[in-house]
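K.L.:
Each protein sequence line maps, in turn, to chains G and R.
The working numbering runs 105 ahead of the 1-based position in the first sequence.
The working numbering runs 31 ahead of the 1-based position in the second sequence.
A portion of the hints provided could be inaccurate.
Heads up, incomplete: computed chain G residues facing chain R, CB under 10 Å, no partners named [unchecked claim]:
1. I132
2. V196
3. V208
4. N209
5. L210
6. V223
Derived from the structure by calculation, the hints contain no laboratory data.
Just so you know, these numbers come straight off a predicted model, no measurement behind them.
The C-beta atom is built at its ideal place from N, Cα and C for all residues, glycine as well.
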Amino acid sequence: MDKRRLVRNAVKALVKGVVGVLILVTISELTVSLAGGLPDYDLTFSTFALIFLIFIVISQLLSGTVFKHVFNVFSALFLVWYLLYAFTASVLVINMRDIILMVNLRTILSVIIMLSLVGFAKALLELVNYMVENINAENLKV
Amino acid sequence: MKIALRMISLATTILWGTLAIFIITAAYSASLIEIQFEDPEIFLSDNNVLAIMLSMKINNKGYYHIKEFLLKTEVKDESGIEISSQQTYVDIIPARRQTWVKHNITFSLNDLTDIINLLFRDANLTLTSEVELKFTELLPVKIYTNTSYLWGAPFHNFTLGEPVFEQYNYTYSILSLPLNFENHSIFNVTGTTYLKIFNEQDDVVAVAKLPIEVYSGSKYSDILKIYVKNTEIPFGGRVELFFESEPFRFGPLVIYLG
Chain G
106 MDKRRLVRNA VKALVKGVVG VLILVTISEL TVSLAGGLPD YDLTFSTFAL IFLIFIVISQ
166 LLSGTVFKHV FNVFSALFLV WYLLYAFTAS VLVINMRDII LMVNLRTILS VIIMLSLVGF
226 AKALLELVNY MVENINAENL KV
Chain R
32 MKIALRMISL ATTILWGTLA IFIITAAYSA SLIEIQFEDP EIFLSDNNVL AIMLSMKINN
92 KGYYHIKEFL LKTEVKDESG IEISSQQTYV DIIPARRQTW VKHNITFSLN DLTDIINLLF
152 RDANLTLTSE VELKFTELLP VKIYTNTSYL WGAPFHNFTL GEPVFEQYNY TYSILSLPLN
212 FENHSIFNVT GTTYLKIFNE QDDVVAVAKL PIEVYSGSKY SDILKIYVKN TEIPFGGRVE
272 LFFESEPFRF GPLVIYLG
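All chains should be built: construct the whole structure from the sequences, respecting the hints.
P.N.:
Now the structure itself:
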């Protein structure tokens, strides 16, 4: 990978990272009033946000190489696993003194998991496409 | 293949964006919902039903309707016996509108007489409320609350003193019976006390009827008096007391003489 492309990818990764942080902070601010009562909400959200940002940055840094596509497949799978792990019961239960609030997230989670699976399929197709395009040319970039 | 992949990318980006906007606006809308409770209104209807009307103003300032709003309340006494169970259903609480929800918790006072302890003893009643609703069509929400509140008995600390005979004149004597109680309830006690005196042979020798009116939160302390012929004073009989009012009746409370 030449230096110019590496720098370009690093700048893009930085910009995407900053935009990602801004979006996640906005989501956090808007949802904290509703979900702030959740046990370990901050920790869960921060962990997810951090992993999400690392994925964006790494994916951008590896842009133009086969590793980007391999990494994208892995990150799509990780996202599906994380959602299934974090919302096992698919019902959000918030205890506020004498009040118990239960939100059934099944529909939303189904949509998110479906989209994540589409993302996984897309990443897999991109990997196949990249390999088909480059293997004949014997210039598979690493 | 590249075009197909780009189309998939575009479609998923649009869908993720739409989902993100939906989640953000839904969370923001939920934080904009205001619920205000008015002071409960209490009615005693002609058919002896005590109704506590809870009015709440739901100000849905958010962007989404609240649908299929169902409020269930259940009142139980200390031993878990259900006293009242009511439901209120509101089909839709539109976005950017205020909606009044009126929920009645009703008690049949005739039924309360069956739960006789509630007439004479203050009790901690448990009110269980459950709200079910659909927020933004996609998010079914359930809210549970469990609160206890003090039931004020209308005849709290009801005590009948020792009956005392006192000669009134050559023909009659007076039987004096001290009666005390405190009306801790939220309604006035208005009714009639009936006294019956029985002799050893179980014959009624005297009857008296005394009106009683005790306001909510006040004490009643009086001496009930009944005239009995000197020749019929029972030394081994009994006194029976009944109370009868519009909402409820109880009795007999028996005091043995001699």
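K.L.:
If a hint holds in the structure, say so; if it does not, say that too.
P.N.:
Structure-based check of all given hints:
1. I132: At 6 Å from the nearest chain R Cβ, I132 (chain G) passes the 10 Å test, so the hint holds.
2. V196: Holds, about 9 Å.
3. V208: holds, 5 Å
4. N209: holds, 4 Å
5. L210: Because about 7 Å separates L210 (chain G) from the closest Cβ in chain R, which is inside the 10 Å limit, the hint holds.
6. V223: It holds, given that the least Cβ distance between V223 (chain G) and chain R is near 5 Å, below 10 Å.
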